[in-house]
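Student: Protein chains in written order, with our numbering: chain A, 1 to 446; chain B, 1 to 257.
Hints may be right or wrong, so weigh each one.
[Claimed, not checked] Subject to a maximum C-alpha distance of 25 Å in a straight line, what follows is the list of computed DMTMM-like cross-link-like pairs (lysine to aspartate or glutamate):
id, chain 1, residue 1, chain 2, residue 2
1, A, LYS342, A, GLU430
2, B, LYS55, B, GLU216
3, B, LYS55, B, GLU100
4, B, LYS55, B, ASP237
5, B, LYS55, B, ASP68
6, B, LYS189, A, ASP125
7, B, LYS134, A, ASP125
8, B, LYS10, A, GLU11
9, B, LYS215, B, GLU110
10, B, LYS250, A, GLU304
11, B, LYS134, B, GLU100
12, B, LYS217, B, ASP147
13, B, LYS96, A, GLU304
14, B, LYS10, A, GLU198
15, B, LYS55, B, ASP172
16, B, LYS250, B, GLU230
17, A, LYS426, A, ASP125
18, B, LYS250, B, GLU100
[Unchecked claim] Here are some chain B residues pointing at chain A (derived, C-beta under 8 Å):
id, residue
19, PRO80
20, GLU84
21, PRO162
22, PHE168
23, TRP170
24, ASP172
25, ARG174
26, PRO175
27, PHE176
28, LYS178
29, LYS179
30, PRO182
31, PHE184
[Said to hold, decoys possible] Here are the in silico distance ranges between beta carbons for each label pair:
id, chain 1, residue 1, chain 2, residue 2, range
32, A, ARG175, B, GLY13, 31 to 37 Å
33, B, PHE9, A, TYR27, 51 to 57 Å
34, A, LEU45, B, PHE176, 21 to 27 Å
35, B, PHE148, A, LEU118, 15 to 21 Å
36, B, ILE11, A, TYR290, 50 to 56 Å
37, A, THR298, B, ARG5, 19 to 25 Å
38, B, PHE148, A, ARG175, 51 to 57 Å
39, A, PRO124, B, GLU183, 28 to 34 Å
40, B, PHE148, A, ILE32, 38 to 44 Å
Bear in mind the hints are in silico, worked out from the structure with no lab data behind them. We treat Cβ as the ideally placed atom computed from N, Cα and C, and that holds for glycine.
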Amino acid sequence: MLNIRHTKLEEDAILLRPILRTGKAFYVAVTILSALTLWGIYAYLTQYRTGLGVTGLSRQIFWGVYITNFVFFIGISHAGTLISAVLRVTKAEWRRPITRCAELITVIVLFFGVGSVLIDLGRPDRMLYVIRYAQFQSPLLWDVISIGLYLMASSIYLYVALVPDIAILRDHAGRRGWLYRILAVGYAGTEQQHRRLEKTIAFMAVLVIPVAVSVHTVVSFVFAMTIQPMWHSAIFGPYFVAGAIFSGIAALILAMGLIRRFYHLEEYLKPIHFNNLGILLLVMTLLWFYFTLAEYITVIYGREPVQMAIFWSKVTGTYAPYLWGMFLFCFLIPLPILSFRKTRTVLGTSLASTSVMIGMWLERFVIIVPTLTRQRLVMGPPSYWPTWVEWSIMAGCFSFFIFLYLMFTKFFPIVSVWEMREGREKSMTEFAERLKTYLPSKDVSH
Amino acid sequence: MELTRRRLFKIAGFTLLGLSVKPALDVFSKVELPEPSPIAGPSAVKRWAMAVDVKKCWSIEGCTDCIDACHRVHNVPSFPGPKEEIKWIWTVPFGKAFAEHDQDLMEEGEAEKPLVLLCNHCDNPPCVRYCPTKATWQREDGIVMMDFHRCIGCRYCMAGCPYGSRSFNWRDPRPFIKKINPEFPTRTKGVVEKCNFCVERLAQGLIPACVEACKEKALVFGDLKNPASEIRKTLQDTIVYQRQPELGTKPNVYYLL
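Just need the whole structure built from these sequences, with the hints factored in.
Tutor: Put into structure tokens, the structure is as follows:
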């Protein structure tokens, strides 16, 4: 039993430090992020007033950066809850310091995923028509349901695992007491409460996995359900899910690298964590390559003219820089870094992750835009280059995401205090017990 | 039975959940027919279709009568350049619209000649399936309609249409309309629009504006269900083409080559 009310914090006091003390670096970061966010808002207001004509989009290529961001952000969301849930379900003990940080990415980034679609709407004032006049045959409705469910489930998942830490803050922080008192919902760490908490977390962890898989599957269906060349493909569901986990792990490693550095959590987010996540990222790198190969080789071998026209525009045509950039950032750079133990360091995995993030954004772009050149139709030379409005809104989205993430770390511990403590106090013996069950129970040597 | 706080919450929760079932069911089960548009009259048994006699169309070079008539009647704005262009009926080079035809064997210059394109009003319209709000739907007479007041501007129908028949209002179109026809609604920025087979004229017993405007009688319009109609006779004893029939959308615009 862990009775938090009467334990001392000494050991993990550093985890609460960002909440109790705020340095100059934080204010500098917040100022820059706020400025960029405000700039993004200004750009959106311009678009809202004048219409989507201020973007580089056209009658021909009518989806661009915003829809790319939508798929990218939803992809990143798999960082979190899915990875944390899978690690919890499989009882991977090394998960303890990273779950919170992963779950938080999910919850925040989902708002930006949904937001990107709303930014792309011609009549955002009518967005609720999607619910009022819902037409369930449309894959967009499947997205609404699936993402809505995911947002709810992952918010609950994040919150439930946060409750014991809020209780710790209520008892130790000495400030914002009223806030923590409300949010802690009377949690005192009694045996019954703890059991209930564990049960809820275990249930949510299992629930969240199929929901997460469905989310990126239906996002891919937005494209795969059309009869457009190189979109209408059965591989899109699994391909998008794999890509989402790929970019999700990368986002997680990157966030952990930054948190470790700025909050001096070297003792918590250790090289071993980066190594383990690095191996997962390596697996996803290879899986990504496999899916990409499968996608392209079926197109090439089929030689359908409409498909080939899109294919060549990607491989040697207008979109070649994006496609080969994607290949470089998603595969050629991360693969060698992640393959060797020597380079699978904190810095190494962080670099590989940065590369994967860039690569996966390009991948989304390369999936969406070239198909819209619509080779079936011939409509004049296709060209799309995002304008300052699109770049500004994109910068605003990224800045605001980091801003919210940063603000969270000022209110709640980004490394789960109670889970660390539980690991130390309980799991050591539990793990030894579990290990015994893996081994032959009697001496079988005679 | 002791009523603990926990149990009370449980009961309250389940009660709330139970009470919300009915309203939720109402939301999802309500079959909402699209609001009847004032210009969409009932003509249930008909099946409207159009035929384009390409050779007749080419007999006057550079003629754009049908396009002008349509765009004038429907308040279609004329934007400079292809980026924000809005078009209900337009032309593309023949060789490109029917790219599967062997162009080496065509008469010289034929591949470059203009072919009239418009919404195909497919029997099996993909755009209708993609629309998340039923802003686009199919009437019983086959005409694929657009409700400009319900469109949220997601452009998914544009992604779904394999013919590029749909245009989006990238900005307020009104300043770009040469002369506003008060009989037909103008659109706002941020909505999709396309050819409506002149439902507003059909309701008055008139033929579509483009068909009426064509001096060469290259456009034939009528009801496919009526064996005596001109369109049936035109399509009867000849080989006709549709755009991309392999997609299974069953276009109702036919081409006589």
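Student: If a hint holds in the structure, say so; if it doesn't, say that too.
Tutor: Consistency of the hints with the structure:
For the hint pairing LYS342(A) with GLU430(A), the CA-to-CA distance comes to about 32 Å; that exceeds 25 Å, so the pair is violated. Our distance criterion of 25 Å between C-alpha atoms is met by LYS55(B) and GLU216(B), whose separation comes to about 10 Å. Distance check on the hinted pair: LYS55(B) and GLU100(B) sit about 19 Å apart at the alpha-carbon level, within 25 Å; holds. Of the supplied pair hints, the one linking LYS55(B) and ASP237(B) holds, its CA atoms being roughly 17 Å apart against a limit of 25 Å.
Under the criterion of a C-alpha separation no larger than 25 Å, the hint pairing LYS55(B) with ASP68(B) is consistent with the structure, at around 20 Å. Distance hint between LYS189(B) and ASP125(A) is fulfilled; the C-alpha atoms sit about 12 Å from each other, no more than 25 Å. Restraint check for LYS134(B) and ASP125(A): the C-alpha separation of about 17 Å stays at or below 25 Å, so the hint holds. For the hint pairing LYS10(B) with GLU11(A), the CA-to-CA distance comes to about 38 Å; that exceeds 25 Å, so the pair is violated.
Between LYS215(B) and GLU110(B) the CA atoms are separated by roughly 22 Å; this keeps the pair inside 25 Å, and the hint holds. A hinted pair counts as satisfied when its Cα atoms are at most 25 Å apart, and LYS250(B) with GLU304(A) qualifies at roughly 21 Å. This hinted pair does not check out: LYS134(B) and GLU100(B) have alpha carbons roughly 34 Å apart, beyond 25 Å. Simply put, LYS217(B) and ASP147(B) have alpha-carbon atoms about 31 Å apart, too far for the 25 Å limit, and the pair is violated.
A distance of roughly 16 Å separates the Cα atoms of LYS96(B) and GLU304(A); the hinted pair therefore holds under the 25 Å criterion. Pair hint LYS10(B) plus GLU198(A) holds up; C-alpha atoms about 19 Å apart against a cutoff of 25 Å. Pair hint LYS55(B) plus ASP172(B) does not hold up; C-alpha atoms about 38 Å apart against a cutoff of 25 Å. Between LYS250(B) and GLU230(B) the alpha-carbon distance is near 20 Å, which keeps this suggested pair within the 25 Å criterion.
For the proposed pair LYS426(A) and ASP125(A), the alpha carbon gap of about 53 Å is over 25 Å, so the pair is violated. With a C-alpha separation of about 18 Å, the suggested pair LYS250(B) and GLU100(B) falls inside the 25 Å cut-off, and the hint holds. About 12 Å separates the beta-carbon of PRO80(B) from the nearest beta-carbon of chain A, more than 8 Å, and the hint is not met. A least Cβ separation of about 6 Å between GLU84(B) and chain A falls short of the 8 Å threshold, and the interface hint therefore holds.
At about 6 Å, the closest approach between the beta carbon of PRO162(B) and any beta carbon in chain A falls short of 8 Å, and the interface hint on this residue holds. Given hint, PHE168(B) at the interface with chain A, holds; its Cβ is 6 Å from that chain's nearest Cβ, closer than 8 Å. This hint holds: TRP170(B) has a C-beta 4 Å from the nearest C-beta of chain A, less than the 8 Å allowed. Checking ASP172(B) against chain A by beta carbon gives a least distance of about 6 Å; that is within 8 Å, so the hint holds.
Using the Cβ-Cβ criterion of 8 Å, the hint placing ARG174(B) at the interface with chain A is not satisfied: the shortest such distance is roughly 12 Å. Look at PRO175(B): its Cβ only gets to about 12 Å from chain A, farther than 8 Å, so that hint breaks. Using the Cβ-Cβ criterion of 8 Å, the hint placing PHE176(B) at the interface with chain A is not satisfied: the shortest such distance is roughly 11 Å. Using the Cβ-Cβ criterion of 8 Å, the hint placing LYS178(B) at the interface with chain A is not satisfied: the shortest such distance is roughly 19 Å.
Hint status for LYS179(B): violated, given a least beta-carbon distance of 22 Å to chain A, over 8 Å. For PRO182(B), the interface hint is violated, the least distance from its beta-carbon to any beta-carbon of chain A being 24 Å, above 8 Å. Taken as an interface hint, PHE184(B) does not check out: its beta carbon lies about 20 Å from the nearest beta carbon of chain A, beyond 8 Å. Judged by the Cβ atoms, the range 31 to 37 Å given for ARG175(A) and GLY13(B) holds: they are separated by roughly 33 Å.
Checked against the hint of 51 to 57 Å, the pair PHE9(B) and TYR27(A) fails, with Cβ atoms roughly 42 Å apart. A hinted range of 21 to 27 Å for the beta carbons of LEU45(A) and PHE176(B) is consistent with their spacing of about 23 Å. Evaluation of the 15 to 21 Å hint for PHE148(B) and LEU118(A) yields a pass: the beta carbon distance comes to about 20 Å. The hinted range of 50 to 56 Å is satisfied by ILE11(B) and TYR290(A), whose Cβ atoms lie roughly 52 Å apart.
The hinted window of 19 to 25 Å between THR298(A) and ARG5(B) is violated, with their beta carbons roughly 60 Å apart. Hint check: PHE148(B) to ARG175(A), Cβ distance near 54 Å, so the stated range 51 to 57 Å holds. Separated by about 30 Å at the C-beta atoms, PRO124(A) and GLU183(B) satisfy the suggested range of 28 to 34 Å. For the pair PHE148(B) and ILE32(A), the supplied restraint of 38 to 44 Å holds, since their beta-carbon distance comes to about 42 Å.
This entry does not satisfy hints 1, 8, 11, 12, 15, 17, 19, 25, 26, 27, 28, 29, 30, 31, 33, 37, going by the numbered hints stated previously.
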